[in-house]
Amino acid sequence: MTDSVVGLKQAKVVRLFLRGQNAVSTLSVTVIAIYGANLTLTGSMTTGALTSFILYSLTVGSSVSAPALSGLYSSTMKATGASRRVFQLLDCVSSMPKSWNKCPLGNQDWDVEIDDVLFAYPSRPSHIMLKGIILKLKPGSKVGLIVQVAVERPQ
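Mapping the sequence shown onto full-length UniProt numbering, position 74 (from 1) lands on 74, and the numbers just tick up by one.
Take the hints with a grain of salt, since some may be wrong.
Below 30 Å or equal to it, Euclidean Cα-Cα: the simulated DSSO-like pairs (lysine-lysine) are [unchecked claim]: (1) K78 - K142; (2) K78 - K12; (3) K9 - K78; (4) K131 - K78; (5) K142 - K131.
Hints were generated in silico from the structure; no laboratory data involved.
Note that the structure is predicted; figures quoted are calculated from it, not measured.
Build out the structure end to end from the sequences listed, making use of the hints.
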C-alpha cells in the first residue's frame with residue numbers, strides 16, 4: 001500500500017474513533033447531569049457539589065480527550081507499520097551472492113568490531129549523524145541503524 005492509501009485509512013479510523021468517543025462523552029455527561037439533578041431534587045446532594053463534580057469530570061475528561069487518545073492511537077499505528085517494515089527487511093534474502101571463496105583469507109568466522117564511529121554526510125559535515133557508536137558483529141548477523149533526524153519546516 002502507498003503512503004496516501006495508508007494515510008486515508010488512518011484518517012477514517014481516527015474519525016470513527018473521535019465520533020465514538022464524542023458520543024460516549026456526551027452521553028456520560030448527560031447521564032451524570034440527570035442523575036445529579038435527581039440527587040439534588042431529593043436533597044442527597046447540593047447544587048454546588050453537583051456543579052463541582054461536573055466541572056471536575058469535564059476537566060479530567062478533557063485531559064484524556066479525543067485528540068490525546070487519537071494521537072496515541074495514531075502513534076501506535078505508525079509504530080506498528082514501521083515494525084512490519086523492519087520485520088520485512090529482516091526476512092529479506094540478499095540478492096548478492098556470498099563471496100566467501102573470493103576472500104583471500106578464505107571463509108573465516110571472525111567477529112567484526114567497530115569502535116567509536118563518527119559519521120556525517122559530506123554535504124553537511126557539521127551535522128553529525130552518528131557519534132561514539134560501538135558495534136560487535138557476528139558472522140551472518142543483520143544490523144540496522146535508525147537515526148532520528150529533526151525535520152526543518154518552513155514557517
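Of all the hints given earlier, name the ones this structure violates by number, lowest first. No hint contradicted; all consistent.
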